[in-house]
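Number of protein chains: 4
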Amino acid sequence: MQIQSMTDTSPVKWHLAHTSWAFETFILKPYLAHYRPFDALFEYLFNSYYNAIGEQYPRAQRGCLSRPSINQVVAYRQYVDAAMQQLFEQCKGKDASGISPLIRLLINHEQQHQELMVTDLKHGFYLNPSFPAVFDQTPIDHANKTMSWIEFSAGNYPIGHQNESFYFDNEAPPHQVYLQPFKFASRLVTNGEYLQFIQAGGYQSPQFWLSEAWQKIKQSNTSAPLYWLKKDNRWYHYTLAGLLPIDWEQPVSHISYFEANAYAASQNMRLATEQEWETAARSIQENPNSKIEQIFNCLWQWTTSAYCAYPGFKAAEGAIGEYNGKFMVNQYVLRGGSKHTPSDH
Amino acid sequence: MQIQSMTDTSPVKWHLAHTSWAFETFILKPYLAHYRPFDALFEYLFNSYYNAIGEQYPRAQRGCLSRPSINQVVAYRQYVDAAMQQLFEQCKGKDASGISPLIRLLINHEQQHQELMVTDLKHGFYLNPSFPAVFDQTPIDHANKTMSWIEFSAGNYPIGHQNESFYFDNEAPPHQVYLQPFKFASRLVTNGEYLQFIQAGGYQSPQFWLSEAWQKIKQSNTSAPLYWLKKDNRWYHYTLAGLLPIDWEQPVSHISYFEANAYAASQNMRLATEQEWETAARSIQENPNSKIEQIFNCLWQWTTSAYCAYPGFKAAEGAIGEYNGKFMVNQYVLRGGSKHTPSDH
Amino acid sequence: MQIQSMTDTSPVKWHLAHTSWAFETFILKPYLAHYRPFDALFEYLFNSYYNAIGEQYPRAQRGCLSRPSINQVVAYRQYVDAAMQQLFEQCKGKDASGISPLIRLLINHEQQHQELMVTDLKHGFYLNPSFPAVFDQTPIDHANKTMSWIEFSAGNYPIGHQNESFYFDNEAPPHQVYLQPFKFASRLVTNGEYLQFIQAGGYQSPQFWLSEAWQKIKQSNTSAPLYWLKKDNRWYHYTLAGLLPIDWEQPVSHISYFEANAYAASQNMRLATEQEWETAARSIQENPNSKIEQIFNCLWQWTTSAYCAYPGFKAAEGAIGEYNGKFMVNQYVLRGGSKHTPSDH
Amino acid sequence: MQIQSMTDTSPVKWHLAHTSWAFETFILKPYLAHYRPFDALFEYLFNSYYNAIGEQYPRAQRGCLSRPSINQVVAYRQYVDAAMQQLFEQCKGKDASGISPLIRLLINHEQQHQELMVTDLKHGFYLNPSFPAVFDQTPIDHANKTMSWIEFSAGNYPIGHQNESFYFDNEAPPHQVYLQPFKFASRLVTNGEYLQFIQAGGYQSPQFWLSEAWQKIKQSNTSAPLYWLKKDNRWYHYTLAGLLPIDWEQPVSHISYFEANAYAASQNMRLATEQEWETAARSIQENPNSKIEQIFNCLWQWTTSAYCAYPGFKAAEGAIGEYNGKFMVNQYVLRGGSKHTPSDH
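Protein chains in written order, with our numbering: chain A, 184 to 528; chain B, 184 to 528; chain C, 184 to 528; chain D, 184 to 528.
Pulled out of the complex, with its shape left as it was, chain A reads as follows (with noise of 0.2 Å):
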């Protein structure tokens, strides 16, 4: 529960305290009388990225912090649980609808961090060559093996968030956009298809890269994706179940942004946009026959849009406006949700 395998990763005891820090710090500080922090020093320690809340642990650092250990890591929790009880009784037969919100938005962060988690485990257990599995080997996803391609006519369709079940601020508001016509594939691209892209020479082609990833992979001599590992002129791929034989017709997973522009640059074809994505996914929602699988709960999906705010988005006043507005320049939008993300996500 301690390591950390890189900047961008945490260790899962952090990952606890966070979570827990997030409702010390956004409810109970602000909101339950009387209540007494577990530990002044926490605030800091804790605290992500909000400037607004203070200054912060330095984040490359957070595999450093053997104390406070995991015990008191839950009991931190326990005691958090024990004082939102406490905001709930207290908050019996009043008007609650200015924590409400808050709290439903931090129940889906913990569900955010619950994935990282995971996530992150798996980075960490890669750097070592015992690859150790997390989990018992999970049932493979398998679509038709044929890909079809699925007509959207154009036109102006409704964008972001357009009912009363949560939603974060940067889904937010919803509006329409003008599409051009496009095409949708029906499923994934699988290992099996990515590997004769591999093999093909798509690695050696720069004609298929977008420049900063062709001196990327030059530079750091990439020639498969990420967890991939080549062992007696066989594929294998680290998984939470520990290294396995790659599975051709699972689809591919782990690929970087410029990995999947790649590959679509050399089927002659492109990554769809957020928008185009959305109009897909809601055309599942509004016909049961749809022909497109793969969508939700199986891997996070590559567009080729960049983050950015949605016409009128407005981040929140205060601390919690930092959640997401901040990130908003030199990212590319993932859509679906991974195996991982929670199922009421």
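These are calculated hints, taken from the structure and not from any lab test. Careful: at least some of the hints might be erroneous.
One copy or any two copies: either way a pair holds, since identical chains are not told apart in the list.
[Claimed, not checked] Straight-line C-alpha distance at most 27 Å; calculated BS3-like pairs for lysine-lysine:
| # | residue 1 | residue 2 |
| --- | --- | --- |
| 1 | Lys-414 | Lys-401 |
| 2 | Lys-305 | Lys-366 |
| 3 | Lys-399 | Lys-497 |
| 4 | Lys-401 | Lys-413 |
| 5 | Lys-366 | Lys-497 |
| 6 | Lys-328 | Lys-366 |
| 7 | Lys-522 | Lys-305 |
| 8 | Lys-305 | Lys-399 |
| 9 | Lys-399 | Lys-275 |
| 10 | Lys-277 | Lys-474 |
| 11 | Lys-401 | Lys-277 |
| 12 | Lys-497 | Lys-401 |
| 13 | Lys-328 | Lys-277 |
| 14 | Lys-474 | Lys-399 |
| 15 | Lys-275 | Lys-366 |
| 16 | Lys-366 | Lys-474 |
| 17 | Lys-522 | Lys-474 |
Use these hints to put chains B, C and D onto chain A, whose structure you have.
Just chains B, C and D now, kept in the frame of chain A:
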């Protein structure tokens, strides 16, 4: 003509050689009968980034090419010019529709490098504490003091190149977009307005900055735009006419995307998207009484839009297809043009 | 036992595994009949830097090895210990002169790692703003207030290991050197004396610093020794007993070669050479009335000497020859020993 | 005269300006009555590293100083030369013993820069794939084919400058050292001998390399000395006369300390210490029949000794004291001199 102040800039001499190289490589070699290259090594030395042509001399070392001398480069240019004249003779009375669009493209390519030469020279001379002047002082570009806001209503608008004049491939195909209602400023932000942002602590206020920007300005200790200098408690900026006291009515220049974004956030505003900018610009051409100033021939203007392909964009076949398409990632769109953009560009 | 605070430090767990690995690799595998390695992967995981043994797990990632767990590492140690017992049985009544020097070396190697564990732990815990204590407060090491200067006359002196006790290969062969007359301080520099250097502007005075040092302290903004902290205008330092007010009579510790050198220069003095240091140290052993204090079991002491081979030094054959010889470049010699050096070392 | 190929090299133009600056700064300003500096800014621009004089123009940007032009720098030199003549007039008939050692030092300083100009030019031109020649081909320096070993017996030997001729401060004070018996090679290692080391897998054999060296050559993929190139299965090296086939009888040049050290280790030998080298060199001057060749005016020769102060070394007071003393760390001593060292140096 020799200095290269950073990897992103090139020596003046290199620009002259490279634009000559472009005519030689894309026109003379394939189309002029019996053409003999001026120097076989130049194919490698002055190839900027075309992988389909071959390897390239390392960009960061362009400033180390003391040979060919400027006299040799001028001779190269005269040789290429003479060969182009021969080509024109060769084409007389024949169908030149395969060549002429390429020539037109390379003329526009050369105009881009004319502007780059001035821009690169400015950066190079700025590193010299004697702050040499390139030109005499140029007339100053003032707009109306009062900034007003021009309203645009919601609806579908045309985007992209629409007529018979020259355009780059990334300006096509023409298409429509749906825009929410928006307001567009009648003029650019002035140095004086930007100074207020500085004096109000803008560079010390994380809430205005994107997360990546905040880390960057903290690390680099940035507290004013590039080329601004404070001396004896007075502000100067380095210009092509040397180091001058800042004119507070002039539009602020040489600010980064991050600074533009932060300034807008500090005013509770945002940068326009490239589609909004284009719609505003088009409105001037259609309405001679438009109050919008400083759109063209003034300064390149940051939009909030990531550089991406227009719907239906397709890079040209072969080497020339590398001109624009492969750079469409992690860059943000500037619109307008600078005072040093050739006026017929 | 898991954290690694920088590339140069190792997790406590790793030290235990590596010292066990050393016995397994250099003794058990070659000398114990029918020995079966505990885990084949450990040969790679816990090889520190012996190329003749094989590839090594990347040093910077030692903190990411959450497996083997500490329990497994302890079991590894017990397995190796038991096998060593078997080896002793096997050797009974036989000539063990081929093995026993190696065992003696590995015991001394382990003592080095015992000290390293404490040193690395200190650095790791220092990154934790709760400043955990490792030990109870240790008695403080004070010397006479007055620093006097002990004179040594010119002449040839013996250098290097001279008797039958254990020594590392880099302490041999014994040889003589010619020394100019020199004076040697009777005690180490105190925290209080070093504070005067700070307060007199030592860190702002280029004339005291080596050129490389000056660039380094400017770039890193260094203005006090590692582990010193100023809080509410009072100086503290992080110790193995936690964060404590600085004791001004104690010798200054955790200063770099560059700082030691600059302090000496500021006093119009210089660091001793390793030959001068050794001559001074030897004089204590020969003269019980020597006024020189704090030579042993106090602090490692910088000399001005670059680490190099003694005349006639020859690294051992095979992997064990990599122990010391290959590091004899760009390092400077410390002499003495720390409070945490095992006392029979 | 403008190019700077890396931070460690300087443009030819800069060398000329800096040596003029040295006379202006250390002689004319303090000693010539009513001297007016040529250009106030030059004090900053052409100060190499003297903190006591003031801030320095960043070393890495010397290649960006397109102004002053070479004509201005030549005018600067003529101005300084003329002022030096005036100073000589002023000194006539007076005691100049305070000035003349400084002038002598600066003449020797200029000779160092004359050599550096050639060395830096070589590196700069090497980056040009046309491999320009600086000089006509110079006569090749061959020694006897057979390498013999000259024996020196143990004893105390004199080290350091011993007579009335010029010397740098780091060559003093003269002192004695005790040396163990050693053997010294009669000539340098040839290109042909070094090629055998390459062909025997020297660059793939960790046992010959210092640990830091091994990491470096692995990382940089080094497999031959700087300036060596293999083309069509034949070896060439870049020389000041252009790219030439390697002469296998010539001594190997442009190898790093690490390469020299590794070659020696591969022969079961070691580099000489600087004291051994000096003793060998002195023996030639004393014995005209010495068999030792290629000591002077051939190539700088790596010794195994770290650069450090001689016993009793004391840097001069003031700025001139920064000339040598502050670089005595993490550098290794070369002895001898190059073909391009001025012959009376």
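Hint check:
no.: 1; hint: Lys-414 - Lys-401; result: both (22 Å within a copy, 23 Å between copies)
no.: 2; hint: Lys-305 - Lys-366; result: neither (34 Å within a copy, 47 Å between copies)
no.: 3; hint: Lys-399 - Lys-497; result: between (35 Å within a copy, 24 Å between copies)
no.: 4; hint: Lys-401 - Lys-413; result: both (19 Å within a copy, 22 Å between copies)
no.: 5; hint: Lys-366 - Lys-497; result: between (32 Å within a copy, 16 Å between copies)
no.: 6; hint: Lys-328 - Lys-366; result: within (18 Å within a copy, 50 Å between copies)
no.: 7; hint: Lys-522 - Lys-305; result: within (13 Å within a copy, 41 Å between copies)
no.: 8; hint: Lys-305 - Lys-399; result: within (23 Å within a copy, 30 Å between copies)
no.: 9; hint: Lys-399 - Lys-275; result: neither (57 Å within a copy, 47 Å between copies)
no.: 10; hint: Lys-277 - Lys-474; result: neither (48 Å within a copy, 53 Å between copies)
no.: 11; hint: Lys-401 - Lys-277; result: neither (62 Å within a copy, 45 Å between copies)
no.: 12; hint: Lys-497 - Lys-401; result: between (40 Å within a copy, 25 Å between copies)
no.: 13; hint: Lys-328 - Lys-277; result: neither (56 Å within a copy, 53 Å between copies)
no.: 14; hint: Lys-474 - Lys-399; result: neither (37 Å within a copy, 46 Å between copies)
no.: 15; hint: Lys-275 - Lys-366; result: neither (52 Å within a copy, 45 Å between copies)
no.: 16; hint: Lys-366 - Lys-474; result: within (13 Å within a copy, 42 Å between copies)
no.: 17; hint: Lys-522 - Lys-474; result: within (20 Å within a copy, 54 Å between copies)
Taken one by one, the earlier hints fail for this structure at numbers 2, 9, 10, 11, 13, 14 and 15, listed in ascending order.
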